[in-house]
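Number of protein chains: 2
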Amino acid sequence: MDIPKQAKKVFGGIIYDVYHWEQEMFDGTFETFEMLRRGPTADVIAWVGDTIIILEQEQPNKPLYPGLPGGRMEPLEEPLEAAKRELLEETGYASEDFTFVGEYNPPGKIDMRDYLFIAKNCRLTDTQHLDAGEKISVTLVTFEAFLQYCRNPRFTAPLELRFEMYEALLDPEKKASLKKKLGG
Amino acid sequence: MDIPKQAKKVFGGIIYDVYHWEQEMFDGTFETFEMLRRGPTADVIAWVGDTIIILEQEQPNKPLYPGLPGGRMEPLEEPLEAAKRELLEETGYASEDFTFVGEYNPPGKIDMRDYLFIAKNCRLTDTQHLDAGEKISVTLVTFEAFLQYCRNPRFTAPLELRFEMYEALLDPEKKASLKKKLGG
Numbered sequence: 170m171d172i173p174k175q176a177k178k179v180f181g182g183i184i185y186d187v188y189h190w191e192q193e194m195f196d197g198t199f200e201t202f203e204m205l206r207r208g209p210t211a212d213v214i215a216w217v218g219d220t221i222i223i224l225e226q227e228q229p230n231k232p233l234y235p236g237l238p239g240g241r242m243e244p245l246e247e248p249l250e251a252a253k254r255e256l257l258e259e260t261g262y263a264s265e266d267f268t269f270v271g272e273y274n275p276p277g278k279i280d281m282r283d284y285l286f287i288a289k290n291c292r293l294t295d296t297q298h299l300d301a302g303e304k305i306s307v308t309l310v311t312f313e314a315f316l317q318y319c320r321n322p323r324f325t326a327p328l329e330l331r332f333e334m335y336e337a338l339l340d341p342e343k344k345a346s347l348k349k350k351l352g353g
Numbered sequence: 170m171d172i173p174k175q176a177k178k179v180f181g182g183i184i185y186d187v188y189h190w191e192q193e194m195f196d197g198t199f200e201t202f203e204m205l206r207r208g209p210t211a212d213v214i215a216w217v218g219d220t221i222i223i224l225e226q227e228q229p230n231k232p233l234y235p236g237l238p239g240g241r242m243e244p245l246e247e248p249l250e251a252a253k254r255e256l257l258e259e260t261g262y263a264s265e266d267f268t269f270v271g272e273y274n275p276p277g278k279i280d281m282r283d284y285l286f287i288a289k290n291c292r293l294t295d296t297q298h299l300d301a302g303e304k305i306s307v308t309l310v311t312f313e314a315f316l317q318y319c320r321n322p323r324f325t326a327p328l329e330l331r332f333e334m335y336e337a338l339l340d341p342e343k344k345a346s347l348k349k350k351l352g353g
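Those protein sequence lines, which keep their order, are chains P and D. Residue numbering for the first sequence is 170 to 353, as defined by this note's numbering. Residue numbering for the second sequence is 170 to 353, as defined by this note's numbering.
Treat the hints as calculated values from the structure; they're not laboratory data. Check each hint, because a few of them may be wrong.
Computed list of chain D residues with no C-beta within reach of chain P, every gap over 10 angstroms [what the hints assert, rightly or not]: (1) Pro173; (2) Thr201; (3) Val217; (4) Asp219; (5) Leu224; (6) Thr268; (7) Glu272; (8) Pro275; (9) Gln297; (10) Ala301; (11) Glu303; (12) Val307; (13) Leu309; (14) Phe332; (15) Glu342.
Pair by pair, the computed Cβ-Cβ distance ranges are [claimed, not checked]: (16) Glu329(P) / Lys348(D): 26 to 34 angstroms; (17) Leu299(P) / Lys289(D): 50 to 58 angstroms; (18) Thr296(D) / Glu250(P): 50 to 58 angstroms; (19) Glu250(D) / Thr201(P): 24 to 32 angstroms; (20) Pro232(P) / Ile184(D): 23 to 31 angstroms; (21) Gln175(D) / Leu299(P): 21 to 29 angstroms; (22) Pro235(P) / Ala345(D): 27 to 35 angstroms; (23) Gln317(D) / Gly277(P): 17 to 25 angstroms; (24) Pro276(P) / Leu309(D): 36 to 44 angstroms; (25) Gly181(P) / Thr296(D): 40 to 48 angstroms.
Heads up, the beta-carbon is just placed ideally off N, CA and C, and yes, glycines get one too.
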């Protein structure tokens with residue numbers, strides 16, 4: 170959820186910043202409210218032919234988890250630049266056909282904006298360039314297999330996208346419209 | 170997810186505390202890692218006959234959302250005490266038959282422990298006692314109707330419980346075992 174405009178930053182962390190503001194309550198009194206901001210991220214639904222790239226990642230304090238190519242935007246970086254850079258660094262794949270899907274930011278006390286892109290016709294153009302805190306292997310899956318990832322508790326994707334995937338599993342019409350939305 | 174034991178608190182907020190630690194990377198170098206701790210909460214699956222209590226809540230900066238009775242534990246309060254107190258304050262209902270279901274704490278960079286309880290045979294014993302920041306109405310729903318709440322993007326329940334509800338909608342066996350687990 171978006172942080173209210175009048176909120177002031179009271180702490181700047183590595184990933185999260187803490188914001189406070191004076192919130193009027195239902196009875197006219199005021200209380201200090203708190204929200205967090207996590208720097209914005211960009212994620213990519215990357216198509217190689219009719220399959221989607223899923224990453225199996227490992228980080229130093231985190232066991233193996235599946236996810237989409239993507240990550241935190243650098244300062245001053247545009248969402249599209251971040252999407253292209255992360256896809257290339259994490260997988261070695263590139264595309265000349267990127268489309269913006271939408272902005273995800275789940276309800277709750279954290280402003281955690283994610284910009285989702287489709288990349289079509291991805292081609293392997295380079296080797297991976299990983300940070301010291303990343304181990305990543307690339308898997309190509311069909312759209313049907315992609316949908317099943319929402320059922321894995323460790324799958325890291327924007328929360329609303331995970332719910333859209335569950336809805337697609339429950340409702341054939343929603344499956345068709347999600348497939349279209351994600352470029353399939 | 171649990172915060173590593175060696176992590177140190179670097180900021181104490183109203184809801185969230187920020188923790189840092191030095192994490193060894195895959196190549197032997199070290200980086201400062203960050204996680205958040207949100208104070209623990211307790212939630213209740215409260216049965217009135219064969220129906221479950223759902224709250225429709227409103228808060229000063231948050232439009233109407235459905236959820237379970239429950240909330241943040243007071244300092245030094247035990248999970249069961251918090252569950253009983255929140256149920257009574259938010260709904261006026263009480264029960265003499267509480268059972269602990271389990272501890273929920275989703276993967277990710279926030280330690281946000283939630284203790285889930287079942288309360289059977291709830292009876293209305295008091296009026297609501299709400300804070301200045303709460304407006305709550307009580308609805309009684311069947312287990313089938315309860316499961317559908319996971320599909321509402323604004324439903325606030327432990328994330329893993331929401332996924333268990335989705336799984337129950339996809340798989341009759343999981344529905345039967347979730348119903349049993351939740352006291353139905």
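Discussion item. Let me make sure I understand: some of the numbered hints might not hold for this structure. Which ones are they, in numerical order?
Written reply: Hints 1, 2, 8, 10, 11, 14, 24 not satisfied by this model.
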